[in-house]
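Given the sequences, and given the hints that come with them, work out the whole structure.
Just so you know, the protein sequences line up as chains A and B, in that order.
Following numbering that gives the first Met the number 0, the numbering of the first sequence begins with 0 at its first residue and continues without gaps.
Following numbering that gives the first Met the number 0, the numbering of the second sequence begins with 0 at its first residue and continues without gaps.
Be aware that a few hints might be false.
Computed cross-link-like contacts, BS3-like style, restricted to lysine-lysine with a CA-CA straight-line distance of at most 27 Å [what the hints assert, rightly or not]:
| # | chain 1 | residue 1 | chain 2 | residue 2 |
| --- | --- | --- | --- | --- |
| 1 | B | Lys-30 | A | Lys-36 |
| 2 | A | Lys-37 | B | Lys-23 |
| 3 | A | Lys-47 | B | Lys-23 |
| 4 | A | Lys-36 | A | Lys-47 |
| 5 | B | Lys-241 | A | Lys-38 |
| 6 | B | Lys-30 | A | Lys-37 |
| 7 | A | Lys-37 | A | Lys-47 |
| 8 | B | Lys-30 | A | Lys-47 |
| 9 | B | Lys-241 | B | Lys-30 |
| 10 | A | Lys-36 | B | Lys-23 |
| 11 | B | Lys-241 | A | Lys-5 |
| 12 | B | Lys-241 | A | Lys-47 |
Don't read these hints as lab results, they were simulated from the structure.
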Amino acid sequence: MPDLGKYADAILWSWAATLVLVAAVIAVSWWQSARVKKKLDAAEARRKRS
Amino acid sequence: MEDVRTKQAKDGWNWLWAWANPVKFMALSGKALPWVVGLTVVTLAVGLVWGFFFTPEAINFGSSVKIIYVHVPSAMMAINIWVMMLVASLIWLIRRHHVSALAAKAAALVGVVMTVIALITGAIWGEPMWGTYWAWDPRLTSFLVLFLFYLGYMALWAAIENPDTAADLTSVLAIVGSVFALLSRYAVNFWNQGLHQGASLSLDKEENVADVYWQPLVICLAGFVLLFIALLLVRTRTEVRKRRIHALEMRERMADA
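Laid out in structure tokens, this is it:
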């Protein structure tokens with residue numbers, strides 16, 4: 000860990016906020032992708048059956 | 000001769016228009032995605048680790064210069080994502096390619112997150128540098144308005160049921176909002192008042208920060224661009240699938256009726 004001196008709080012809060020928000024948008028996109036893919040697979044399966 | 004040249008010019012853009020076909024888009028993006036994700040992880044890891052652990056203190060900013068590696072890339076992405084949405088919206092309005100409208104819609108969430116990151120990191124950095132978290136400075140204010148435009152854009156997509164009407168109206172909003180996307184980049188150049196300094200990265204070498212900070216910054220920027228492309232592909236694929244589900248459900252309803 001580098002010595003961040005008197006700016007440690009500002010640096011760590013900035014980086015933490017960035018990493019949390021980036022992780023959140025990745026997680027939401029991944030979750031939505033998986034959910035919609037599952038729903039489409041089910042709809043395609045119904046179409047093939049009928 | 001003229002016709003041959005026109006045909007060659009059109010053929011030259013075929014690679015682009017292939018992405019406009021939903022089936023081809025799904026095939027091409029499916030192949031590209033693992034490579035883009037891999038490159039994103041490597042680039043972001045190198046850029047962020049270099050920026051955080053291996054950069055010295057700056058004369059004016061002390062160690063707070065390390066905030067530049069998250070603040071500048073997110074701010075640049077916030078603006079450029081809106082520009083991408085503008086281009087995709089214009090393609091929709093002119094050529095009626097559904098994938099371009101869906102790509103613009105898919106980009107908005109990533110854009111708003113980048114804008115929030117830029118605003119938060121800017122406020123946190125502003126407090127020790129300027130003595131305040133916020134000032135009604137031209138660049139900060141236009142960034143806040145850009146954030147509101149992102150929210151409005153997403154709300155408009157959510158509020159309109161007909162997807163083509165939603166694409167039309169959000170495209171117009173993307174054109175209007177572009178004024179603020181450009182202002183957030185250039186306001187500092189033509190309004191002299193304000194706290195925010197000029198560009199940290201520029202094609203004009205004289206405006207750049209010192210190499211020791213600039214090199215990891217460029218890698219971070221490339222990482223953020225790749226992250227956006229990866230998320231854009233994932234999210235646009237989701238939107239294309241949603242459109243397919245909607246079509247299948249309509250077909251089922253018509254068959255039942």
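Which hints from the list above does the structure break, by number from lowest to highest? 11
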